[in-house]
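Student: Chain B: place on chain A using the hints.
Protein chains: 2
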Amino acid sequence: MNTVEEQKSLIRAALGREPLDLLIKNVQVVNLYTGEIEPGVIGVKAGRIVTSEASALEAEQTFDGAGRYAVPGFIDSHVHIDSTLLTPANLAELIVPAGTTTLLADPMEISNVAGLKGLETLVQMAEGVPYHIFLEVSSRVPTAPGLETTGGRLGLKEVEQVLRWPSAISLGELDPSKVLGMGDEYLAKVQAAYSLGKIANGHAAGLDGQKLVAYACGGLLDDHECVDYEDAYARLRLGLAVLVREGSTERNLQMILKGAHKANMDTRHLMFCTDDKHPDDILAEGHINYMVRRAIELGYSPVEAIQMASLNAAIHFRIDHLIGSLSPNRWADILLVDDLRQMVPSDVFVKGRWAAHEGKLVEKPPQPVAPDWILDTVKVTRGRQAADFELHGATPQARVRVIDIYPDQIINREAETTLKVIDGAVIPDIENDVLKLAVVERYGKNGNIGVTFVRGFGLQRGALASSVSHDHHNIVVVGTNDEDMAVCVRAIEAAHGGLAVAADGKALGILPLPIGGLLSDQPAGQVSAELGKINSIAKQLGCKLPAPFMSLSFISLPTVPELGLTDRGLVDVRKHVLIDSVIEGN
Amino acid sequence: MNTVEEQKSLIRAALGREPLDLLIKNVQVVNLYTGEIEPGVIGVKAGRIVTSEASALEAEQTFDGAGRYAVPGFIDSHVHIDSTLLTPANLAELIVPAGTTTLLADPMEISNVAGLKGLETLVQMAEGVPYHIFLEVSSRVPTAPGLETTGGRLGLKEVEQVLRWPSAISLGELDPSKVLGMGDEYLAKVQAAYSLGKIANGHAAGLDGQKLVAYACGGLLDDHECVDYEDAYARLRLGLAVLVREGSTERNLQMILKGAHKANMDTRHLMFCTDDKHPDDILAEGHINYMVRRAIELGYSPVEAIQMASLNAAIHFRIDHLIGSLSPNRWADILLVDDLRQMVPSDVFVKGRWAAHEGKLVEKPPQPVAPDWILDTVKVTRGRQAADFELHGATPQARVRVIDIYPDQIINREAETTLKVIDGAVIPDIENDVLKLAVVERYGKNGNIGVTFVRGFGLQRGALASSVSHDHHNIVVVGTNDEDMAVCVRAIEAAHGGLAVAADGKALGILPLPIGGLLSDQPAGQVSAELGKINSIAKQLGCKLPAPFMSLSFISLPTVPELGLTDRGLVDVRKHVLIDSVIEGN
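From first to last, the protein sequence lines stand for chains A and B. When we follow the numbering used here, the leftmost residue of the first sequence carries the number 1, and every step to the right adds one. When we follow the numbering used here, the leftmost residue of the second sequence carries the number 1, and every step to the right adds one.
In case anyone wonders, no lab produced these hints; they're calculated from the structure. Treat the numbers as computed from the prediction; the structure is a model and nothing was measured. All the pointers check out, no bait thrown in.
Note: identical chains are not told apart, hence a pair may lie in one copy or across any two.
Derived DSSO-like pairs (lysine-lysine); straight-line CA-CA distance at most 27 Å:
(1) Lys-506 with Lys-379
(2) Lys-8 with Lys-575
(3) Lys-351 with Lys-211
(4) Lys-211 with Lys-575
(5) Lys-8 with Lys-211
(6) Lys-506 with Lys-420
(7) Lys-157 with Lys-8
(8) Lys-25 with Lys-211
(9) Lys-533 with Lys-544
Only chain A is shown next, with the shape it has when bound in the complex:
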């Protein structure tokens, strides 16, 4: 909130007793409360909107809207900043010119690496960025206690502490295992959120029927894991809002909105999020503005699409007094847009400050210095040698489990296959795209390595690895052979974290992510270029996935069905237990 003095200056400006700070003239105001688009102005004082009515108020500064549409800044209703690989400051270059002025961010990644200290460091590094960050306080760090090794932990005490921060707006995504498993700690976290006037976000991947009802009984109020309209409809029926997601590999918008539009479903409980989106994809297609554009293409009116991108999320997260519309007293987060159907803002204002123009930031945000300790979090005990990845086979053939991945979805399917055993080791079947997958513990705690098989990457030779691997963020590595897998791990260790690609015993490319092993300290353009480079090497090695490192980072999730791989081994997500990779023949 403003101070009382700021509030008074807003009121005085509205009454014409004090000049406005800024008057944006000659705009078509998109009013999300009435659904009207009408000629007007935007008057700003102390970072807030005073009026959007045509008015004779005077201002210190005027800005010519040149007849463009004035649209409220967009809200990403669920995002992991860490998935962009950028610091919050460098991320600004990508999202603010695209019109995203607010992130509702779950700092789960950095918390898994370094607990509350990591979370606080990320928040400190975000100071002074030209957009708003509100926190969805990570509810499950670690995500799968007993099934994975992490660097940090957020218990009930830490979560309650962060929930009290003014920037905290909700308890972050709580997965079904915690709710249906009725863990006291997690249910107490949900109650802590509501008792502090905040909501609890869901993550109901793969649930339906009775289990979905039971999940809703846990007090969660939304879900961002809907894959299609059937999922979305099942959740709306239960009074859960749907956070429609369009990330790098989780592309749910078309299937959800096509169905919703056809069914003429009320849109007020639908909103947009990216969850996990890499910088190259944001650069190529946009951010939340891309979702608005797609929604309009699918038949929604611009007003409805913009509501999903702003007001609906503001109301759901109970911050509609701060953002989500161009109404008095809300933050002056304003996009000036030539064409609502394209939704590419030519100017962006945040808190009344001119923030972006024609795709570029007006001013470079302050570059925070990362503390030393967060630049040194990758401590590998085992995984440097090919032998560390061997899976023992006692018979000429072994029956194994395979994680079957979908190209554009976060979920996967459990499969089985038979592999050859040579010299006592089960070997991948490159011809049939059955590759080896491993997760290497990287907090210097126990040297665990989990190994299994995966189908869908299509590598013909070499290996890929990443120290971003949800949610424990150990090193995940996929390969056609153990030697290249070890090369990747060594490259990541040397870079203190990153994405690596190797073949024929040599590292071919590395994108260093030294901040917690998760984030680059480089600008968006460079990270995007380097990511493009290693992606293209991966492609040369035969990889068929559009975003191989994003896909890789999700395989280890022990919370998204059907299988996950952690440093402790293969996890049956539905049963929340460890299972064997080799079923017969070891």
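Tutor: Only chain B this time, still in chain A's reference frame:
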């Protein structure tokens, strides 16, 4: 919130591992999230809804819905319990059978009489009632500091204290004088509300244009003072929700909803309230269910009308995780209704308990004992004698101000007229319905009496008086002669508060309101009958108003344009200053 153990029992019930407490079978479920009406059941555990999907779950108890509609309980989004003249327990008899299961109540009246102690007493007296009460914490007690005498005061400290209560959901209606006057205390109260995750309610009576914009800049999020659609539209444009009001004398529903329906305005920011409604009117026409019925008659679908009566208010007040729909984990507040267009529930459940059947409570709520001190708050110093009401005139005629009242509205108009002066006293002009109006201080503090003239009551003889007079709750009295006015004041004093009617020097009727001078300790039927009796005596005396005592109780409001009368004298509401009743000739 539930305890963790209750939450677990809900989840276990949903999973079929524990029987439900109650299963209401064979209903048509009205789903306010999807807008669908479909066959289903309602499963209840620990007072909460587990499911509304058809299901094979077992239950301790079943209830046959007999094909009726299952509708979420209604929410009165802004009400002064004190205006019903009933204790919260006795009020249950009227509202619960009509389907209102939640009151969002501003305890402003009792706070003006007795401060925080009064507010706490009302809340204690409400313990165990078969409906939910959430508090809109009174923001302005007194309403007009310096312009009126009250018994109590709620400063920033007291308001912050109450805002922290789990039952507090907002800062109550803050009127324009506080916001446009930029009082530090009031703006700090607004910020306190938001910093505690709660909203701030508006009361923007009579505002438009620049002043309305400035008012919205004060951080208020809604208004319940809209008289017509033009008012409502002006507020929606500014991002303010509209609490459509239908009380005893403030009847705004038809004019607002007719316009909104014609304009095809989005209904999500519209909700219903009664504000001030007498028991006889509730008995005669209903409560929020009456508004639903009227909305449907005006062209809205039953789903839209029910949304305005429940979900919309729950979302606006940020308690949609608790009430507003028949979704899992919400309180099991359920109406069973034969005909959605009539909207008269034949059975009502609150927190899963069977609360009303065929217009009657199933169980009488516990009758709280009012503490002694609250039964003795009417302490009259002056006003017992006719001479106390004399207005001096020095010339044969005097020019005076007149409060011109509208029959069905809370607002009034300033007028002037010329009256005769006899024996040095300005006298009423009964023929032209210009009567004397007085407000007598009743807290034993200073013996103030304010006197002016009013048009609209139509009394031919006698006088009416009330110790309910917003918001200071001194004794307001209207009469054709000073003697009968004094008789009324003496009758109210003897009854420790109440509504009185007198003529020819004799008290003809009294409805005693001994609790704070505001509430009866008698049941609804008796209060309603006694109110009917004194209303009919008032009619016999010539009064033309449908609810004369309600109209009388609002005339003294120093916050609703254009004029108000307090014990200090006549108030120009727009300028917030005392003005003379006699303009020329005294």
